[in-house]
Amino acid sequence: IQEVVDTGVLWARSCTSSNPAQILVASTVTSTHWCPLEIGWVKLNTDEVSSIRGSNASIGGVFRDSPASWLCGFSMRTETLLAGGTTSNRLQELRLIHQLLCRNWKVQIRHISRSPNKVVNHMAKIANDYSNNVKIFEDPSSSILGLLFDE
12 IQEVVDTGVL
22 WARSCTSSNP
32 AQILVASTVT
42 STHWCPLEIG
52 WVKLNTDEVS
62 SIRGSNASIG
72 GVFRDSPASW
82 LCGFSMRTET
92 LLAGGTTSNR
102 LQELRLIHQL
112 LCRNWKVQIR
122 HISRSPNKVV
132 NHMAKIANDY
142 SNNVKIFEDP
152 SSSILGLLFD
162 E
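Numbering (the numbering used here), first residue to last: 12 to 162.
Please note that the accuracy of each hint is not assured.
Claimed, not checked - Pairs of lysine-lysine residues, derived as DSS-like cross-links and limited to a Cα-Cα distance of at most 30 angstroms, are as follows: (1) Lys54 x Lys146; (2) Lys146 x Lys136; (3) Lys117 x Lys54; (4) Lys129 x Lys146; (5) Lys146 x Lys117; (6) Lys129 x Lys54; (7) Lys54 x Lys136; (8) Lys117 x Lys129.
Said to hold, decoys possible - Each pair of labels, with its calculated beta carbon distance range: (9) Gly157 x Arg106: 12 to 20 angstroms; (10) Ser77 x Arg114: 32 to 40 angstroms; (11) Ile108 x Trp52: 13 to 21 angstroms; (12) Leu107 x Leu82: 15 to 23 angstroms; (13) Val145 x Val53: 13 to 21 angstroms; (14) Gly157 x Ile108: 25 to 33 angstroms; (15) Asn115 x Asp76: 29 to 37 angstroms; (16) Trp116 x Asp161: 15 to 23 angstroms; (17) Ala79 x Leu111: 34 to 42 angstroms; (18) Ser154 x Arg106: 30 to 38 angstroms; (19) Leu156 x Gln110: 15 to 23 angstroms; (20) Leu48 x Glu149: 32 to 40 angstroms.
Keep in mind the hints are simulated off the structure, nothing from the lab.
Just so it is clear, CB atoms sit at the ideal spot from N, CA and C, and this is done for glycine as well.
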């Protein structure tokens, strides 16, 4: 575990020292519902779900524009849980985060509690229906529509 943490810290340092992109980190949750964005921004909300019964982990996400319109969503089963409830490959996740942060764009990272993040939580839960392939949703599925209006 320490090796993964150390590697993550080194990547973060190399990214912030060599990249002109701005990385903004909010240390607190600022709202309990979806907040509109400034014009020109795109919001990506993501969630991971672990299933104890099925021993799987999956992710889901939704891209929305400034007026909160659905741009696209995705679901994917990511890995199988190991004994003890840990997933098999956090290093891959850290590499992807590093690659995304090192792009020439402004990034803001904020933790949102689960209750106002029901749409992406649902997207992660339905990923177990799609093997390990990414399922892209250009339009929200009928099971998501009610949740979108609630947020």
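Hint check:
no., hint, in the structure
1, Lys54 x Lys146, "holds, 19 angstroms"
2, Lys146 x Lys136, "holds, 12 angstroms"
3, Lys117 x Lys54, "holds, 12 angstroms"
4, Lys129 x Lys146, "holds, 18 angstroms"
5, Lys146 x Lys117, "holds, 27 angstroms"
6, Lys129 x Lys54, "holds, 15 angstroms"
7, Lys54 x Lys136, "holds, 20 angstroms"
8, Lys117 x Lys129, "holds, 25 angstroms"
9, Gly157 x Arg106: 12 to 20 angstroms, "violated, 36 angstroms"
10, Ser77 x Arg114: 32 to 40 angstroms, "violated, 20 angstroms"
11, Ile108 x Trp52: 13 to 21 angstroms, "holds, 19 angstroms"
12, Leu107 x Leu82: 15 to 23 angstroms, "holds, 20 angstroms"
13, Val145 x Val53: 13 to 21 angstroms, "holds, 18 angstroms"
14, Gly157 x Ile108: 25 to 33 angstroms, "holds, 31 angstroms"
15, Asn115 x Asp76: 29 to 37 angstroms, "violated, 20 angstroms"
16, Trp116 x Asp161: 15 to 23 angstroms, "violated, 30 angstroms"
17, Ala79 x Leu111: 34 to 42 angstroms, "violated, 22 angstroms"
18, Ser154 x Arg106: 30 to 38 angstroms, "holds, 32 angstroms"
19, Leu156 x Gln110: 15 to 23 angstroms, "violated, 32 angstroms"
20, Leu48 x Glu149: 32 to 40 angstroms, "violated, 20 angstroms"
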